[in-house]
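Given these sequences and hints, build the entire structure.
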Amino acid sequence: MDQQTVEVSDFQFRALRRVRLFPPGTFQATGTTVPRWLATSSGLGLTVVATPSGELISFNTADVHNLLPGRTNLSVEVTDLPKKITPFRLSRQSAAASISLIDGSSDGKTLAIVATKPSTGDPFVFLYDFRLFSLQYTGEVYPYLEIRLSSSGGATATDLQWNPAIGNMFCASCSDGTLTTFTIDETDATKYSVVGTLRITDGSPLCISWSPKGKQLVVGLDNGIMKQLKPELAPVRQVPAPAGSVVRLPNDDVRCAGLCWLTTTEFAVAYAQKNTQAVVLTLLTVKKDGAPVW
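In terms of my numbering, the sequence shown opens at residue 70 and continues consecutively.
Possibly wrong hints are sitting among the right ones.
As the list claims (entries may be wrong) - Estimated spans, in silico, between C-beta atoms of each pair: (1) K357 x E124: 40 to 50 Å; (2) A312 x A234: 26 to 36 Å; (3) D149 x S188: 34 to 44 Å; (4) K356 x D271: 22 to 32 Å.
Simulated from the structure, these hints should not be mistaken for lab results. Beta carbons: idealized from backbone N, C-alpha and C, even for Gly.
Shown next, in the form of structure tokens:
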């Protein structure tokens with residue numbers, strides 16, 4: 070039978086069950102970026118969640134999928150999910166580092182944890198074998214590779230995104246304008262190379278999204294500008310910030326709070342008014358030699 074495509078205009082996400090992982094009142098997002106503290110490996114069937122106390126909670130994704138929703142238990146928190154708690158330590162002697170975000174590689178093999186290293190104050194990415202977070206593994210968990218993302222004093226990491234088609238490539242951004250694409254050596258995972266690096270001077274990068282095939286990426290800045298780049302970070306095009314009236318924000322002082330490259334010419338962009346919690350999600354269409362349409 071021929072496959073048919075059905076367009077659903079009223080697509081909704083609905084909560085099924087609530088799972089308690091850490092105490093209420095301990096999470097607080099600060100600054101212009103929101104911590105991304107959840108990563109999943111589809112191949113291993115594992116999910117890892119970072120906590121405000123500097124721990125990493127891992128559990129089998131299927132255990133959440135198997136929770137049966139019902140009319141009476143939607144508001145009842147699940148507190149007995151089988152899980153493993155791993156302290157985030159860089160070595161036996163090191164102090165806990167402040168986690169900014171975590172992200173899993175597209176092949177599900179590597180977990181990247183972005184954090185500020187206590188000994189230097191600089192942002193680093195620490196790479197782990199995702200299998201170490203299995204509930205069956207009882208040994209110690211440490212990164213096999215660490216990479217400094219910026220050496221500018223006071224800089225913080227703002228985003229890290231793995232290439233969706235190349236499992237050993239990722240791009241990271243920092244508040245000082247540093248943008249870098251890395252690849253991990255396929256034969257020796259303790260080695261890496263820099264594909265490209267760029268210092269953005271007309272704004273601060275806040276969010277990154279790769280094209281679905283991983284051939285290019287876009288970066289959203291704190292002034293609403295969006296830059297389209299090649300993996301080596303050569304420029305392709307630049308989309309100006311929208312007028313406040315276009316995205317229904319009180320004024321033109323907007324920033325890119327989130328990005329998702331959907332198709333060749335379409336992007337989902339979350340714009341936020343600076344220094345407020347107001348956020349608008351819009352569909353941006355950018356065709357070759359054409360003006361952007363929001």
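Worksheet item: In ascending order, which of the hints set out earlier in this document are inconsistent with the structure?
Response: none
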